[in-house]
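Chemist: Please construct the entire structure, taking both the sequences and the accompanying hints into account.
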Amino acid sequence: MPIEIQRDDVRRLVAGGAQLVDVLPAEEYEAEHIAGAVNLPLKELTREAAARLDRNRPVVVYCWDLQ
Amino acid sequence: MSPRAAWRLESLGFAEVYDYAAGEADWLAFGLPSEGSEAATPRADAVARRDVPTCALDDRLGDVKARVEATGWDECVVVNQAGVVLGRLRRPALDGDAGTPVDEVMESGPTTVRPDEALASLVPRLRDKGVGRILVTTPDGRLVGLVARDAAERALAEHGSTEEDHG
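Protein sequence lines, in the order shown, are assigned to chains A and B.
For what it's worth, our numbering labels the leading residue of the first sequence as 1, then goes sequentially.
For what it's worth, our numbering labels the leading residue of the second sequence as 1001, then goes sequentially.
Check before you lean on any hint, since a few could be wrong.
Said to hold, decoys possible - Simulated coverage check for chain B against chain A, where a stretch passes if three residues somewhere in it have a Cβ under 8 Å from a Cβ of chain A: (1) 1019-1027; (2) 1035-1044; (3) 1146-1155.
Said to hold, decoys possible - Computed Cβ-Cβ distance ranges for the label pairs, DEER-style: (4) A/A35 / B/V1131: 30 to 38 Å; (5) A/D8 / B/E1107: 26 to 34 Å; (6) A/K43 / B/G1083: 50 to 58 Å.
Don't read these hints as lab results, they were simulated from the structure.
Heads up, the beta-carbon is just placed ideally off N, CA and C, and yes, glycines get one too.
Modeler: Right, dumping it as structure tokens:
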């Protein structure tokens, strides 16, 4: 079950090697994203696309906000 | 959107998935680093003076005034132990009786903006309202610094000329 985390947790996890994933559309990612994040838009989140990520490392996903 | 992405990744076999639900809006509002074509947009955070003096509710005006003037400022931000902004102390209140506690004369609940507010929107608003300086706080109310309108105007003009140079 995915765990909801806060800003400080993100920093700690990323410093420890977690992968940070922006799930917004590519144009929004290109305009601005959290430093170090990769883009994997939700609408394109297929098994093939997810293969870009390392299954052995934690993954932190985010979009714009709670909505 | 991110909860669905988190669940989807889990369904694809990822064992350790976290959801930063507050997302990019929260991250930027705290002035944390970003990348991308719009990341260089000049924002309040970039021109906020971090050296604005601070004082506590129970400090006495005489002590505060001496400290403020020694640092070349003419105002002080009233914060609690967590750095949360409670008030602002400016003239003429700052020149009151030296023994008066700050709490009695400060301006309560001063207007603030977030660190990620674009100067392109902030500057015209400050001009329209005749505001010369505004405080910058994180969404949880902690002081980041103070933005002077003239500094924000200069930063905006410099950014504009840089854009033209690169255009």
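Chemist: Decide, hint by hint, whether the structure agrees.
Modeler: Taking the hints in turn, this is what the structure says about them:
1. 1019-1027: holds (count 9)
2. 1035-1044: holds (count 5)
3. 1146-1155: violated (count 0)
4. A/A35 / B/V1131: 30 to 38 Å: 31 Å, holds
5. A/D8 / B/E1107: 26 to 34 Å: 31 Å, holds
6. A/K43 / B/G1083: 50 to 58 Å: The hinted range 50 to 58 Å is violated for A/K43 and B/G1083, with Cβ atoms some 41 Å apart.
Going through the hint list in order, the structure does not satisfy hints 3, 6.
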